[in-house]
Amino acid sequence: MRVAYATACGLALAGLVHVATVLAIPALSEADAVSRARSSESLDHPQQVYTLATGDNPAPAEAWLPIPDPAVAVGVCAFDLEDGPMRVSARTGPLMLTLAAHGRRGAFYAVTDQAAVRGALDLVILTRAQYDEALANDDENEPSRDVRIVAPEGRGFVVVRVVAGLPSQRPAANAAIQAVSCTIDSPGDEPAGGAKEPAKPNG
Amino acid sequence: MAPAAEAARPGGGAAAPAGLLRRAWAKASTVGLALYAVALGAGLGLASADWATRGGYPFGGVAVGPWTAWPRAGSPSADPYTRAVNARRGEVPLAVGEGLLLTASTDDSGRTLDATCTYRLSGVTPPARAWTLTVAGRGTPDPGRPPMREGFTSTEILREADGRFSITVGPEVEPGNWLPSPRATGPIRLAIRLYDTPVAASAGSLDREAVPALTRLGCRS
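These protein sequence lines map, in sequence, to chains A and B. Remember, this note's numbering sits 51 above the position in the first sequence when you count from 1. Remember, this note's numbering sits 2 above the position in the second sequence when you count from 1.
Please note that a few of the clues may not be correct.
With the Cβ distance kept under 8 Å, some of the chain A side facing chain B (calculated, not the full set) [unchecked claim]:
no., residue
1, VAL54
2, GLY61
3, ALA82
4, ALA122
Quick caveat, the hints were computed from the structure, so don't treat them as lab data. In this text, all values refer to a predicted model and were calculated from it rather than measured experimentally. Virtual Cβ for every residue (Gly too), placed ideally from N, Cα, C.
The shape of chain A in the complex, shown without the other chains (with noise of 0.2 Å):
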């Protein structure tokens, strides 16, 4: 009778700690892509993390993603709103690109590369308080054609993808991964200012 209750008290403890473990494997691990990418928070250019292989050349070490599609190559840019707003600048080529920013939770904004305007791809994720303050200084005459997402997290990543569709337009896609450029918006910046800086790495 007692082995029974202790039984029973066990087993709905099983389900607490179930339950408990479930929810906290996200916010505890350290295999996660939040975590990983952070390593590359201090790039201006995103971190690959899947180089499509040219010829016989194997995936580069840090190819950490589980099961990677081996037509696509994928770069991160970690980013902490902390430091100010992040800006991911990417030009369109003949290749397909795609980018989406990740947060703990999940991707919050995704846009492919046919919603570029004039070949160019302007994306600016900050939080809500820096949105009002760009908002703010925003100049009448001459609206910012960025792209801006206001992000539910501080940290996460954006992920950059580019599909080759021929074994032959594999470096052009690793190329095109290295091409885009995350860089940080000063906070103090005028919105023009903004603009301008990181278009030149680019150049």
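Fit chain B to the known structure of chain A by using the hints.
Frame of chain A, contents of chain B only:
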């Protein structure tokens, strides 16, 4: 406590040590049962959480014929198990605006896809700017068997005049679009990734005609 003191007071009798022993045993068994309950709870809870978040997503998929679409794997509305699986594997799932992942581990008649069998994947894919088909076996790849080809892209494949296509997955060399089995034996899985597709937002409305059929042609015995 009080009866034990009374029993001990008359002194010297054989009943006193026996009563004490019984009480000690009862106390020890209570502690033991409590420990057993805690150990059972912790052990079962952790083991079941590990089991549920290991490998693929336990649920959240939309079944379309032999394929399962995972439209919410990368969105903030993903269920906690999906998030835990992504966190443990370091996966960067496709976001809704980016694309859609479809996986298959069985053929049209429900049999598990096997590396020794030949399958034909034919028909059309849902509309997308680009798609890729990937084949993978479970576990780590065999080092003695370098992959000849892991997948096809929508640009690479040979098509019929009407735009339909047929891809053969199997261990034997085939003419046309041949995708070699990734390993000699064991279960295999197929994945279609649709990039920049309008169906990602409405995966529930996909019907069987819109995804490729997967038929088993035969098995090497």
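Against the structure, the hints come out as follows:
no.	hint	verdict
1	VAL54	7 Å, holds
2	GLY61	3 Å, holds
3	ALA82	5 Å, holds
4	ALA122	5 Å, holds
Consistency with the previously given hints is maintained throughout, with no hint failing.
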